[in-house]
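S.K.: The listed protein sequences derive, respectively, from chains V and R. Residue 1 is where the first sequence starts when you use this note's numbering, and the numbers rise one by one after that. Residue 1 is where the second sequence starts when you use this note's numbering, and the numbers rise one by one after that.
Any given hint could turn out to be false.
[As the list claims (entries may be wrong)] Derived, one-sided and incomplete: chain R residues facing chain V with beta-carbon distance under 8 angstroms:
| # | residue |
| --- | --- |
| 1 | Gly52 |
| 2 | Cys71 |
| 3 | Asp90 |
| 4 | Leu110 |
| 5 | Gly143 |
| 6 | Ala204 |
| 7 | Phe208 |
| 8 | Thr214 |
The set of hints was computed from the structure by calculation and includes no laboratory data. A virtual CB, placed ideally from N, CA and C, is assigned to each residue, including glycine.
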Amino acid sequence: MYAVLHPSNFFAQAAAHQSPELRKRPFVVLDGEPPTEMVFAANHVARSQGVEVGMTRLQAEAFPEVTSLRRVIEHEHKAHATLHHVACMFSPRIESVEERPGTYALDIRGMDLLFGDVGQLANKLRRSVMAAGFLANIAVAENFHAAVSLACGRTGVSVVPSGCEAHAIGQLPVTALHLAPEHEATFAAWGIRTCAELAALAETDVIARLGQVGKKLHSLARGAWPHLMFPIEPSFEAGLVERMELDFPVEELERLLFLLSRMTTALLERVRGKARAIAALRVVLRLDGGAQHERTVRPALPLQDTATLLKLIQLDLETHPPSAGIVGLELHAQSAAPYRAQHGLFLPQAPEPGQLEVMLARMRKLLGEQRVGSPELTDDHRPNAFRMVPFEPPPPRRNERQSLSTPVALRVSRPPHMVGVALANHTPVRVFWDGAAYAVRDAAGPVRVSGQWWSEANWCREEWDVRLENGTVERLCRIAFDPRSRCWYLQGTYD
Amino acid sequence: MPSAAIIRVQIESTLAQRVPAALTLKIKHAPEVFASGMAEVDAMLGGGVPRGTITEVSGPSSTGKTSFALCTLASITQLGNACAWVDVSDALSPETAAASGVELQRLLWLRMSADRRTKLADKPWSRLEQALRATDLLLQTGGFAAVVLDMSDVLPQHTQRIPLGTWYRFRLAAEHARTALVFLTQSPCASSCATLSLRCEPAAVVPFSSQGETPLFERQQYQFARERNRNESSPFLQRKPAQRVNWSAETLWSRVR
Chain V
1 MYAVLHPSNF
11 FAQAAAHQSP
21 ELRKRPFVVL
31 DGEPPTEMVF
41 AANHVARSQG
51 VEVGMTRLQA
61 EAFPEVTSLR
71 RVIEHEHKAH
81 ATLHHVACMF
91 SPRIESVEER
101 PGTYALDIRG
111 MDLLFGDVGQ
121 LANKLRRSVM
131 AAGFLANIAV
141 AENFHAAVSL
151 ACGRTGVSVV
161 PSGCEAHAIG
171 QLPVTALHLA
181 PEHEATFAAW
191 GIRTCAELAA
201 LAETDVIARL
211 GQVGKKLHSL
221 ARGAWPHLMF
231 PIEPSFEAGL
241 VERMELDFPV
251 EELERLLFLL
261 SRMTTALLER
271 VRGKARAIAA
281 LRVVLRLDGG
291 AQHERTVRPA
301 LPLQDTATLL
311 KLIQLDLETH
321 PPSAGIVGLE
331 LHAQSAAPYR
341 AQHGLFLPQA
351 PEPGQLEVML
361 ARMRKLLGEQ
371 RVGSPELTDD
381 HRPNAFRMVP
391 FEPPPPRRNE
401 RQSLSTPVAL
411 RVSRPPHMVG
421 VALANHTPVR
431 VFWDGAAYAV
441 RDAAGPVRVS
451 GQWWSEANWC
461 REEWDVRLEN
471 GTVERLCRIA
481 FDPRSRCWYL
491 QGTYD
Chain R
1 MPSAAIIRVQ
11 IESTLAQRVP
21 AALTLKIKHA
31 PEVFASGMAE
41 VDAMLGGGVP
51 RGTITEVSGP
61 SSTGKTSFAL
71 CTLASITQLG
81 NACAWVDVSD
91 ALSPETAAAS
101 GVELQRLLWL
111 RMSADRRTKL
121 ADKPWSRLEQ
131 ALRATDLLLQ
141 TGGFAAVVLD
151 MSDVLPQHTQ
161 RIPLGTWYRF
171 RLAAEHARTA
181 LVFLTQSPCA
191 SSCATLSLRC
201 EPAAVVPFSS
211 QGETPLFERQ
221 QYQFARERNR
231 NESSPFLQRK
241 PAQRVNWSAE
251 TLWSRVR
């Protein structure tokens, strides 16, 4: 059994819902880009004065008493939300009728225990809709489409006993069946005006002339076209939230972990029910004093493991602790399909994703954010330019070893050490570094390098490769002279 | 012969409770190794750097420790394995690593922070302690084919103060995780925990090239001496390898020339 709620002239009602003083006065709702705005909806008073939908703005303004409003989509969304809210009070299974804006169909089977028989339920539903500020027609029927047609075609409350659908909608005009324009013209040409007249035609004849659409229209006119209900379900993602209020501010994170564990487990249970995993967890801590502390934990792969997620949250909050006592907790989860990989016996070794994530979080806590990861060379002329990227090793695969010669590795001094250099004939002959004097046995250079001369961050230096000797110690270094600071620096040591 | 075989079986069955297979030759498995990619060094090491053990490469500055370690990591990452570089002095040059052939995406670089704490705490000890904790975490996580603990710039008096128990723990963890743990130090510190110990020595000096207008540093000669190799007695090695080997490395710009 379906109860259909249809607010006639929904767009005008939605506009009037925001400004109730307009209800008794004529008004039109204009839509489109200025200056080519058209009348999109008009209330009953305006239409009785001659305003029609589809008029231009100038034509509408020719009526002196008519007020013009602009169409506001948010107002329509609000009106939809209000009607949906009212419908939710009468049934848990609700379907929005797409082709008729503002219309909702309620599955009211079994609701008689709560709201009385179908007639009482329909009247209560209409009163609730009116209390919410809308005027709606209510129709109750066994057949979904018959109820929709009745709600759209008949004012007030209509209750159709089971099996009498064809008779109930028989007096409605065929346009109540939501016809396509060409079929409307066809029926007008045939002289078919009501549903009863359409239902009286032989089905095979209608199909022979209109095709399969004819079968559907004939069944609709008889109130016998079946319908599979698709109830509106609350968004699964939006529901993945856990909240908790605390009686007094808590400063120690360890005490919160018990609560976080419970909340994470609850979220994971819900996520597992849909065969999914948690891809990201947003922790919102409401602090004493009104401030908020927000952190997001985003594992490299979706996880289904409470312990790992909890450890990641703990390490993240320990690395970025809140500034005050915590009075409220919120956990927002984002779900994703769980990670599945086909492992092989003969594949190279790789860290297990969950453990790797926890280990990287621990390392970040121990060393700092920018000190853990993989180096990535940047497109820059500056020697040894690189940036740190998160460590995400690609799937194991064997590469052919390139037969390159072994390069001499440079150990970079970060930051460069300042050294003293004695020159002879513009060539370094002695280097003073770390309290020791080194004689230069070999020197190669200078190599002048510079970059970013167009900006403030320009750099320039003269680099030398030198072989230093101090008694028994010998080292091979790269030193550089910075002409701006007039200083010598040790860039690195070859090893 | 049959009587000898019977006596052997009798002795083994008698001692079975205390010593299983007392008189049977224990089959020693060939050690799993990662080739370093340098033929002469691999020949001396009996195939390369052993897996699941500690390899210690020690020597003063500019003796090729980093070049050797990067070359080994290049071979390992090109096999598709993940590796880690625990950098006590934050001295790794990603450019050189890429030039050696290391797949940087498979390399986890842990840079010990000198500037994170207060200046008072910036002693070699704080960074060493961080490095040891980081290595411990890496070994506990497992999955890394090789971990290089680079202590090349740490003075020997500091590395030698690290308790021996740390190295024993690392050895067990490396064995469990099947990780080749490589230490780069100035002087040996892991003592008997290291399965393979290499000493880097200064080799013959190659003078800078003077073919062009200005001299150019083009190549460097290195020498490795094998101090210890527990896998040496393996019956799979037919010939006793050399104790010392010379190898050379060249600069990036000499490749272009």
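S.K.: Which of the listed hints are broken here?
M.R.: Numbers 1 and 6, in rising order.
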